[in-house]
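Student: Going down the list, the sequences are from chains A and B.
With positions in the first sequence counted from 1, the corresponding number in my numbering is that position plus 3.
With positions in the second sequence counted from 1, the corresponding number in my numbering is that position plus 278.
Hints may be right or wrong, so weigh each one.
Some, not all, of what chain B presents toward chain A, calculated at C-beta under 8 Å [claimed, not checked]: (1) V320; (2) Q323; (3) E325; (4) V349; (5) I371; (6) D373; (7) Q494.
Distance ranges between label pairs, derived from CB positions [claimed, not checked]: (8) A:V63 x B:K421: 26 to 36 Å; (9) B:T364 x A:D229: 39 to 49 Å; (10) B:E422 x A:Y136: 48 to 58 Å; (11) B:N412 x A:L139: 37 to 47 Å; (12) A:N256 x B:A308: 53 to 63 Å; (13) B:I469 x A:P76: 19 to 29 Å; (14) B:N521 x A:P76: 33 to 43 Å; (15) B:K421 x A:N123: 53 to 63 Å; (16) A:Q176 x B:N521: 33 to 43 Å; (17) A:Y136 x B:I469: 22 to 32 Å; (18) A:P193 x B:G459: 56 to 66 Å; (19) A:E71 x B:N332: 34 to 44 Å; (20) A:D195 x B:A430: 22 to 32 Å.
Derived contacts from chain B toward chain A, CB cut-off under 10 Å, selection only [claimed, not checked]: (21) V322; (22) Y345; (23) Q347; (24) L348; (25) L351; (26) E352; (27) E372; (28) E445; (29) G473.
The hints are simulated quantities; they were obtained by calculation from the structure and are not laboratory data.
Just so it is clear, CB atoms sit at the ideal spot from N, CA and C, and this is done for glycine as well.
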Amino acid sequence: MYRKLIWCLLLTTAAACSKDDAPPAPVDKPGENGNTVKTGVYRVVNLAADTNATSGGNAVSLYYSLEENKVIPESQRQTGNWDIVFYGIYNSSVYPNNGAAFGSPGYGGPGKALISVVVNRKFDAQYYDTLQYKPLQLPISRDLFTTAFESVKTVEEDKFPFFTRDIGLDHFQGGFDGWGHYDFYGLLFPGDPKKSHVVYTMPRVMVIKTHKGRYAKLMIENIYKDSPANPNRDNRPGFITFRYAIQMDGTKNLDIK
Amino acid sequence: MHLYLRHLAAALFLITFAACTKTETIAPPAEGQNRILTYNIVNVQGEPISGAVNDRDSSITVYLPFYRQLVVLEPEITVPEGATVTPVSGTLIEDLLDVFRSGRDIKYTVTAKDGSKRTYTLRIVVQQPDVVLNELSTATETKEFTIDTRLAYDMISINLAGSGFMENNELMKMVLVDETGKELPPIGLSITNVGNIYKVSGVITKYNDPQEPVLQELKTGLYKIRIYSYGKNATTKFPVKINKL
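Generate coordinates for the entire structure from the input sequences, incorporating the hints supplied.
Tutor: Shown next as structure tokens:
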């Protein structure tokens, strides 16, 4: 009798646990509406966000669906049609589509997306002064970008918590880790007037939970036209080049080739 | 005998009465199959916003609280089996600010299985405090602004205090209204005055060509200032004078 009761309790507990642990099932199946991408790595080159961007004001926002690999019009900012937006000065703030985040572009809408940035100080030390928060040398080796991207193999929420707010420029006007270094005064190249207000991307990977509950990793490679390795003021900003890998099966496996 | 008849009459009476009651029960008229059953706005956090469907005047009323800051609506519409609705369920209503400010007819036509049609009109009611503006001029004293377009750079800044403003500038608009009642193109809102629900700050700048549209159309004269704040707007009672040199 008691044995049966204990078995019952055990089964109930196990069932409850497995329910909690299981990743929430995505809202729809990939390919269901005919437009979604397959699990894989995608690279978007010279995406024209706001090609008249200056450092003086917010650029035209660029809304993007990772699940469909396409730009979504701003008029749909309060829908579940997009996952991230390149927002603000030089489109440098990457916000997830989160309708609960007050003041964010998707505020008020149904968005449930989240974002985090993976930071590994040991890895950073290869190119970056981890105390002064600035690159040690420029350009940063492209190999480091590839290594950083490939080394993110799963979603580690305990290490890199998800935010409903933006990931932006690294330690610029605030203590937050970001995806790129903004050399406001041109300190990295003293005396060169064409080197102030320049954004240098860093080998940092952002992990995104899409609105529909899938995971992706994303790295911004460049924000200037044709991805100059060592940009200056003559390069045209507003042309975002990024790569991302998306896992469409709903798991946290980001070891995607 | 008399007793027998009396009993019979009573029985008959009862039977008739009971029978009558039964036949008086009539079924309600069948509901039209060209109706909208439910109309919900689903692009929100949590529970959808339910629209009130009124079959008497074929309308749908949606109450929108301003703090949700919605500028696009995604309706989910249900109709009886076999019926269709156009635009179809899920068709976005984009640029809601334009709907508030310019007006736009939004209608839904339901076609029943038997081909009968019915058209509903959507009414959007924004629940929002009124916009109140503190006057810059009085009946006797007119506030003046001057912008000198002969200079390489000049600007005027129009600061208006009041209430009912939105903390998100994208939901706000400032325009000048000339003496004929015509609106000039919108004035750019200051990017340094954000999140301020008690002051709105507009800036007209003369700088590099091409000049901003409001400056191109601006002539020296009297203008009232109109503030659009999400679903409401207000205009100053007294005009200001703007000199364009």
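Student: Which of the numbered hints are not met once you compare them with the structure shown?
Tutor: 3, 5, 7, 11
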